[in-house]
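Engineer: Chain by chain, the residues run as shown.
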Amino acid sequence: MQIQKRFSVPEATLLQHILDVIKTQFSVQKEPLVRKIQHFYDTFDWRLFNKSLVLQTDGTDVSLGSYVDDLVLETVPCKKLPKFVWDLPDSPLKKRLAPIVEMRALLPLFALRKRTTPNRILNEDAKTVVYLDFENISIKQAGKSLLPLPLTVSLRPVRGYETEAARVADLLEKTGLQQATSSSFAAALQETGFDTQRYSSKLNVLLQPDQRSDEAAKQIFRFLLDIIRKNEQGVLQDTDTEFLHDFRVAIRRTRSGLSQIKDVFAETVTEKFKKEFATIGKASNQLRDLDVYLLDADRFRARLPEHMSDDISPLFVQLQKMRQSALQDVRKFVQSDTYCNTLIDWQAFLNQPPANPAAAANAERPIATVARERINRRYQSLLKKGRRIDANSEDAQLHALRIDGKKLRYLLEFFASLFPAQQLGILLKQLKKLQDNLGQFQDLCVQEMELQQFIDSISLRQRGARKTIAAIGCLIGAIDREKWQVRKQFDHIFKDFASSKNKALFAELLSNQKEE
Amino acid sequence: MKVLACYHLKGGVGKTTAAVNLAYLASTSGAKTLICDLDPQGASSYYFRVRPKFVSGAKGFLKKRKNMSKNIKGTDFDHLDIMPADLSFRHLDIKLTRFKRSKQRLRKLLSPLRKEYDFIFLDCPPNLTVVAENVFDAADRVIVPVIPTTLSQRALEQLLSFLKRKKYPAKKLLAFFSMVEKRKKLHLECMRELSASLDARLLPTAIPYLASIEKMGTTREPIVVTAPQSAAANAYRNLWHDLQAALSG
Chain G
1 MQIQKRFSVP EATLLQHILD VIKTQFSVQK EPLVRKIQHF YDTFDWRLFN KSLVLQTDGT
61 DVSLGSYVDD LVLETVPCKK LPKFVWDLPD SPLKKRLAPI VEMRALLPLF ALRKRTTPNR
121 ILNEDAKTVV YLDFENISIK QAGKSLLPLP LTVSLRPVRG YETEAARVAD LLEKTGLQQA
181 TSSSFAAALQ ETGFDTQRYS SKLNVLLQPD QRSDEAAKQI FRFLLDIIRK NEQGVLQDTD
241 TEFLHDFRVA IRRTRSGLSQ IKDVFAETVT EKFKKEFATI GKASNQLRDL DVYLLDADRF
301 RARLPEHMSD DISPLFVQLQ KMRQSALQDV RKFVQSDTYC NTLIDWQAFL NQPPANPAAA
361 ANAERPIATV ARERINRRYQ SLLKKGRRID ANSEDAQLHA LRIDGKKLRY LLEFFASLFP
421 AQQLGILLKQ LKKLQDNLGQ FQDLCVQEME LQQFIDSISL RQRGARKTIA AIGCLIGAID
481 REKWQVRKQF DHIFKDFASS KNKALFAELL SNQKEE
Chain B
1 MKVLACYHLK GGVGKTTAAV NLAYLASTSG AKTLICDLDP QGASSYYFRV RPKFVSGAKG
61 FLKKRKNMSK NIKGTDFDHL DIMPADLSFR HLDIKLTRFK RSKQRLRKLL SPLRKEYDFI
121 FLDCPPNLTV VAENVFDAAD RVIVPVIPTT LSQRALEQLL SFLKRKKYPA KKLLAFFSMV
181 EKRKKLHLEC MRELSASLDA RLLPTAIPYL ASIEKMGTTR EPIVVTAPQS AAANAYRNLW
241 HDLQAALSG
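As given, the protein sequences belong to chains G and B, one line each in that order.
Quick note, the first sequence lines up with residues 1 to 516 if you use the numbering used here.
Quick note, the second sequence lines up with residues 1 to 249 if you use the numbering used here.
FYI, nobody ran anything at the bench for these hints, they're computed from the structure.
The beta-carbon is built from N, C-alpha and C at its ideal position, and this holds for glycine as well.
A few of these clues could be false.
What the hints assert, rightly or not - Partial pick of chain B residues on the chain G-facing surface, computed with a CB cut under 7 angstroms:
no. : residue
1   : R49
2   : K53
3   : G74
4   : D76
As the list claims (entries may be wrong) - As a list, the in silico SDA-like pairs of lysine to any residue whose alpha-carbon atoms are at most 25 angstroms apart:
no. : chain 1 : residue 1 : chain 2 : residue 2
5   : B       : K63       : G       : R159
6   : B       : K115      : B       : T129
7   : G       : K79       : G       : R120
8   : B       : K32       : G       : N285
9   : B       : K64       : G       : R159
10  : B       : K95       : B       : T149
11  : B       : K32       : G       : T116
12  : B       : K115      : G       : A98
13  : G       : K5        : B       : E116
Using the sequences provided together with the hints, build the complete structure.
Structural biologist: Listed below in C-alpha cells is the structure:
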C-alpha cells in the first residue's frame, strides 16, 4: 500500500529551499500548474467519514478516496454525482459505496479549489521516482468567501520506488518541515468546523448513577428532542427516507421513555405529552410504511418468477402516487400549530429546573436504582410473555412480545452509560436477534394483509389488471411461506434469549452497576 | 481484463515499439494497464527508463505468483505500470519445463493481476519455444507485426502452421504491417498477397518505416508522447482503434 505524505509549509519562500535541498541528491523537473475544483459529499449521518472515506467529483470523474492520505481508491467517469448511489454508473466504486451509503442521499459539503504544481523527482536514468506536489488549496463554501488553507507539499510515491520516496521524505524532514495531519479534505473539514456538528441517531447520553431521576430523564429527552429537530428539515424537503425514519425513532423513544421511566414527572405532564407525541407519531405512519415498500421494491420483484417481475410494476406506481400525497400530509403536519406547540412546550418543560418539592415518587431517587428496577420489570415480563408462546399462538401475541422487547431495548439504550459496556453489548446483541425475528414476522404479516387489500382496490377494467393480480397473488404466496419460516425460527431464538446463561448475565448486570 | 501479446518469432520487426505505444494509448483512456517485459533484452523496460531487473530472476518469476506484483513499477504515465525484464529471462524456457502444466504457467502467474488491470500487454522474446506457447495460451490476442518482405512472410507462414498444429484458435492471431516502405515495390506486392490470405486477421492500419520511431531509443518515451502530431503517432493511434474494434467484434 502506498502512503502519501503531506507536509505543511509555513511560508511560501520555503518552497525554493525545499527544492534546493532535494536537488543535492536528485534532479527535479517542474511541471505546469494544474487547476482543479473538487466537490466533496457525505451523507447526513457521515457514513463515509465514519469509514474514513472521501467522496468527490471534479466535473469529469467521481472518485472515492481515503480520508487518511488523499489516495484515490476507486474512480468512475461521471460528470455529475447523482443524489442516490443507485443512480451511479455500474462500477467497482458503486459496488463499494452502495452497502455503506444505502438509501441515504449524498449531500454536498464544500469544494476545494486546488492549485497544484507537481515536481517530478528523477533518478539518474531521468525516470520519475516520486512526485512532489506544491499545493495551494482554498475552501469554497456556498455564500462564503474563499478560505485559504496553509500551503502544503505532498509526496506522491511511484510504485516500485518506495526507497526513493523514503529518501525524499527524509530530506523534507531534515529541512524542518512538519508532517501535516492526513488529507486536504481532513484539513478542510477541521477548518470549516463541520466535525463539531457530527450527527448520529445513536443514543449517547452520559448519566451519573446518583443523578436525580427526573433530571436524568430530562437529559435523555433533551437528546431525543435534538434528534427530532435535526431531522425536521430533511423530512420537509424529502431529502431521503432516513430523515423521517430517524425522526420517527426519536419520537417513539420519547413516547416509550415517558411511559417506561415511571413516576419521575407530575402525572398531568406525563399524560399530556404521552398523548401529544402519540399524535405526532401517528401522523407519519402511512408515509413510513410506503417508504419501506418502495425501498424494498427490488426484493418484492425478486420473490416473483422472472417472467412476472414486471407485472408488479403497477403496484409500485400506485404506491409512489400514494407516497406523494402522504408526504404532503406529513409536511403539513410538521408545519402545523399542533406539532410546533407540542415541541415548544416540551422544550420549555425540559429546560425547567427540577420541581421542588418532587413532583412524583421516583423524581428524587438516584437514576441507577430506578433504571435497575425498570429494566428488571421489563425483562421479567418479556420472559413471561415469551414462554407462553407456542405453535398455536396467535400472530397478535408475537406482536405484543415484540413491543415489549422494544421497550426493554430502549431502556437498555437510555441507561447504557450506567452499566458495563461489554456486558450490555452482549445482552443488546441477543435482544436484537430476537427483535429482528419478531420484526421480520410482523412486517411479513402486515405486507400479506395489505397486499390483499390492494387487490380489492384494482379495477378489472384497468389494462393488465389480471396480470397484476396474478403477480400479487404470487407475491402473497411467497410472503406467506417466508412468514412461516421466520415463525419456525422463533422457538430456538427465544430459547437462546431466555437461556440460563443470559439470565445470569442480566442478573449480574442489574446487581453490578458501573461504580463511579 | 484483456491480455494482448506482441509477438513474432522474428526479431527486429517492431514488436516492442508497438507494445510500448499501444500500452500507453490504452492507459490514456483511464484503463489500468500493465506492460510485461518478457524479453531478456529488456527493450520496453529501457523505453520507460526502468532498469531491467527482476528481483529473484527467472526462477522467482516462475515460482511465485506474488513475485510478479512485487516487481511491478510505475511508469512516468498515469495508469501505466511495467514489469521489467531481467537478463535471466533468457533461461525462461529451460526453467519452464520443470513445472507441471508448463505451457499454462504464464496464465497462472497473470491471474492475480486480473483484478488490478484492464489491459496487460506482453512484450515477447522472438522464438518459438515453450515461452511462446505460454504466450499463446495466456493471451486473448496475439498481435504480430509483419514486415512485408519475403523472409517475414515465410516466418508468418511458419507461425500460422505452428498455431494450427498446436490447435490454438485461428482468430487469436491479429497481424499488422510494420516498418512499411511504400516506395519499395516488393513491400507493396507482398502486402497485396498477404492481405488476401490473412483477411480479417489483418488490422487495416500499417505502421510506416520512419526514422522518428527509431529515435524512441534516444528519447526513451512512447512516440505518441514525444511527437503526438507525427505520422508515426497517428499510425499507432489508428492501430489502437483497429485493435479495440477487433477486440469488441
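Engineer: All hints, please: hold or fail.
Structural biologist: Verification of the hints:
1. R49: Where the cut-off is 7 angstroms and the nearest Cβ of chain G is about 4 angstroms from R49 (chain B), the hint holds.
2. K53: Constraint on K53 (chain B) not satisfied, violated at 10 angstroms.
3. G74: Holds. Min distance 4 angstroms.
4. D76: Holds. Min distance 5 angstroms.
5. B:K63 x G:R159: 22 angstroms, holds
6. B:K115 x B:T129: 29 angstroms, violated
7. G:K79 x G:R120: 29 angstroms, violated
8. B:K32 x G:N285: Violated - the C-alpha atoms of N285 (chain G) and K32 (chain B) are around 49 angstroms apart, more than 25 angstroms.
9. B:K64 x G:R159: 20 angstroms, holds
10. B:K95 x B:T149: 34 angstroms, violated
11. B:K32 x G:T116: 24 angstroms, holds
12. B:K115 x G:A98: 20 angstroms, holds
13. G:K5 x B:E116: Roughly 24 angstroms between the alpha carbons, so the hint for K5 (chain G) and E116 (chain B) holds.
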